[in-house]
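The chain contents come next:
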Amino acid sequence: MLTTSDNRTSKQVSLAEAQRRKKRRSDLLHISVHSALIMCCVLALFPLLWTFITSITPRELVYQWPPQFIPDNITFDAYARALGKTDLPRNFLNSLLVTTATVLGSLLIGSMAAFRFARGTFPGKNIILLFFIATIMVPGLSNIIPLYIIMRELSLLNTYLSLILVYIAGAMPLTVWLLKGFIESIPKELDESALLDGASKFQVFRFVILPLIGPGMAAAAVITFINSWNEFLLALTFIQSPEKRTLQPGIQLFVGYYESTEWTLIAAATLIACIPVIILFIFLQRSLIAGLTAGAVKG
Amino acid sequence: MLLLNKIVSKPVPYLMSVSVVLLLIFTSATVFGQSRPVTLRVQTSIDFFNDDPNDSELAYRAAHEAFLAENPNIRIEFEIVPPFELYRQFLVAAEGRNAPDITYQGAANTYTLASSGNVLALNDYMDGHPFLNPDNLQSAILDVATVDGQYYVIPTTTDARVLYYRKDLFEAAGLDASAPPTTRAELIETAQSLTQDTDGDGETDQWGYCFIADNTLHTPHMWLTHVWAAGGDLVDADGKAVYDSEAGIAAAQFYYDLVNTYEVTPSNIIANDYDATVRALVSGQCAMALLGTWSWPVDILGALGEENVGWTPVPTPEGGEAATFSGGWSWLISSRSDHPDEAWAYIEAIASEELALELGRENISTRQSVLSSPEIQDTFVANVGTYAAGAAHGNPQVTSTQPLFDGLRQALQDVIRGRQDAQTALTQAAETYNSRYAR
Amino acid sequence: MISSQPQSSQENVARRSAQFKPWRNFSEYIWVAPAFIFVLFFTFYAAAYAIWLSFYDYSLASPVRPFIGTENFQRLFQDAEYWQSLRRSLLFVAIDVPLTVGMGFALALLLNQPIRGRWLYRSLLLLPWVISLVIAGYMLKWIFAENTGILNYLLSLAGIAQVPWLSSDAGAFATVVIAHAWRVYPFGMVILLAGLQGISKELYEAAMIDGASGRQRLIHITMPLLTPQFLILLILRTLLAFNMVDLIFTMTGGGPGNATSFLSYMMYQRAFSYLDLGYAAAIGVTIFAINIVLALVYFYVLRRNSA
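Protein chains in written order, with the working numbering: chain A, 336 to 634; chain B, 893 to 1331; chain C, 33 to 339.
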């Protein structure tokens, strides 16, 4: 990009020289940035790499000393067992169902609330908003018993819905905060002109706001997805039947108590559990950054 | 879209109709929920129906199916819970008035479950039962199963702590692999010869003796074997902690000496969990280790082979008596179950003599008639079971086992690390427990 | 929340009409109601229940649960273990929050450089975020295990003697800090990277023409403009670090001794191991109060600095 083909006059020569120097400096910068990033990647990925190596080690060699980076007999037996001989596939589908419903539900009601928090004026708006934010500060563990009792009263114990409802509630503060910031970054004139044209609030929401907040929705979706996908304690407490069990409690069943822990199986299950989130990252990464760019700047 | 638009502009009728619909859904759910034949909810960590069953799971499955065939009006719903979550899961459900009919719990929790009124006394069912009668239980198991003269649990299998030793490493150190240590003095002496720096880098890489002193329940369980052997105990008749009995202080001092005076035990045992200790024995980093009987068939014998590893009773102090700790698992019936008779019938089916014999091949049975049955004679389980029947003690009968054990393991870790002497650490811990949690 | 733009006439019209038409105003609540009801029912109600519990001697092991006023709190303030756990928690937050936000910021700056393969680096660096903290705890314990873990093996290859990762107080604390930072830095990285990408290039170009050095640009342009991101990150990270329990649960069990028994872990243990729910709720109430105070402090300090 910085090449100059023509350097006839001395002035141009010095210019080219300066550019070369600049290029060399930027090359140096690039190399150092690359090497720093590569180092960080190695450190960040090492635990996952070791998890992978554990997962392809034959079961009886997991405890061998010294450990091997490339096991003598690489085997995918742990994956075969996790997928074929345990409830993991069913747990996986259950988690997918619960998490998808959570994400959709939280986006729907979160964006509705965020729309009016960003645009509306009504008494108590700031207090309600503060109330939303304050719920993040409640320590999560103390709510297990009251939530269990609520779910029993609603006859929702042992249903997917119990988890979905609680996860949506948990996702609300961040979703509303993020989307509110994002909607505020949309010029007000857009929906005002639509209102003047006789559009209702719902039409403004549906045809002006929703199409523009895609990246903000993507960012909120990713964060909600990760949090619900990885939730353990409530999932274990509310869901009783094995056929409705979600992924995290399912993986816990591999952790031994009186038999030694099946490390290869846990490692394989862990990596299988990561797949949907990785796929989500691949598709939504650009939107995630863009959504946070516009949304997060409103403090 | 138009419809939604209308809804948003007319919120009151909308909200009313939604609440009516929701009300209908909930009422219908409750009505339909009650109009079924008897359904028993069974909470356990054993998944009878997993896709990769072992012999005992197959036996469970057969018994379960036979029961269903005989009782077509009874449905069984399983709730499979990881073993270390069973207790919390049951208590939360009981607190929410939604306890399962049958649950499966560790022996440590019997007293609390019984004294809090959450499980049913089973005397009427058990007395005079041909197989499940209390007289057929090992004495240590019966002690734990009885609370104020009532029986609350139907124990299945139990376990014991024993000393495992590496025969090959004994021979390599010039020791007689057929004469493992039986007393503390012998244990120390043997461990000293086995503690070696095999690669000559100045660091020990083969330790003579390992035990568990991490933040799990294994720590108090193992320490108790030494205390009982010297005639001491964990709590007195009033439920007060007596960690600082003469036997208790001696046992804690023994721990300190193993790590600091004789240097035959690595100091990081305070962080190494059960799994890591099994691994250390198998990899040869520990030549002897105090571990549970459940690890023998697969993890220890299976990994090392008969020629390389053996077991022996827990070494005792000079003049002491044989002692080990037995835990184990039991079936219990919730005190709020609507169908206690059906629940008992189901437990009869899955805790039958036939099934107990099958389970008794791999695990120590709690039933005397199984232990003495000719089918399992001269197996590891029979030998170790006979040892346990004579030496075992069970969990203390206090409401708050967890704080009782927590204070103790903290004190022991302080002693091992030389932060406090045994007397001070144990006395303080006992005072803290007694002032707050003792019943 | 505070809009700096001059209010348009249409907005004034809308405002006035809102004041005169209560029905219009009421419909605003309909939009907010579903979200509000969810939070009220499933978060706020549970929190209120916990506060109520903290005034009772409420044990799962006992059917009798008398009202005892503030006795739980009195006991709490006399409990040496409570103060130790609180100190540990505050220390953990004081190390963990700057560390994770700092790591996130450093990586965001690197990823914001105009280099090739940014997308790949970004994807790879996001990966620790996908694993659940509970499971991460198991895998990391497996890696940090002292005699048998891969980390000490690698260090021994490099000639470094066995590090007591989990068996010394400082080691276990550091292990938890490292493990937690590893798992949570991507969130900060993403937020700050997004913030960086929102800063207009022209600002930097203008500063470069004025001869500002790289560091000056960082301190005088980048950091002030990222104040909102830093604020939200600090608040969230502090709350989450304070409430973190999963990793302790699976990695150290609070040990060795009580070296990694933070306030949140103590609360869990009191509730579900000791079954002492009232006491645990009292701990929870104090955690809630501390969270609010910390959030207000951040808010106040950063708002004032940016103004």
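Treat the hints as calculated values from the structure; they're not laboratory data.
Warning: the hint list may mix true and false statements.
For the chain A half of the interface with chain B, some residues (derived, Cβ under 10 Å), not all of them [what the hints assert, rightly or not]:
hint	residue
1	Gln-354
2	Ile-574
3	Leu-588
Under the rule of at most 27 Å between Cα atoms (straight-line distance), these lysine-lysine pairs were calculated in the DSS-like manner [to be verified]:
hint	chain 1	residue 1	chain 2	residue 2
4	C	Lys-233	A	Lys-460
5	A	Lys-460	A	Lys-523
6	C	Lys-233	A	Lys-579
None of these values were measured; they are calculated from a predicted model.
Using N, Cα and C, we set each Cβ at its ideal position, and we do this for glycine too.
Hints, verified against the model:
1. Gln-354: It is violated, given that the least Cβ distance between Gln-354 (chain A) and chain B is near 56 Å, above 10 Å.
2. Ile-574: holds (9 Å)
3. Leu-588: At about 5 Å, which falls below the 10 Å cut-off, the nearest Cβ of chain B leaves the hint on Leu-588 (chain A) intact, so it holds.
4. C:Lys-233 / A:Lys-460: Since the Cα atoms of Lys-233 (chain C) and Lys-460 (chain A) sit roughly 36 Å apart, the hinted pair is violated (cutoff 27 Å).
5. A:Lys-460 / A:Lys-523: holds (18 Å)
6. C:Lys-233 / A:Lys-579: Not OK: Lys-233 (chain C) and Lys-579 (chain A) at ~51 Å, beyond 27 Å, violated.
In the structure shown, a violation is registered for the earlier hints numbered 1, 4, 6, in ascending order.
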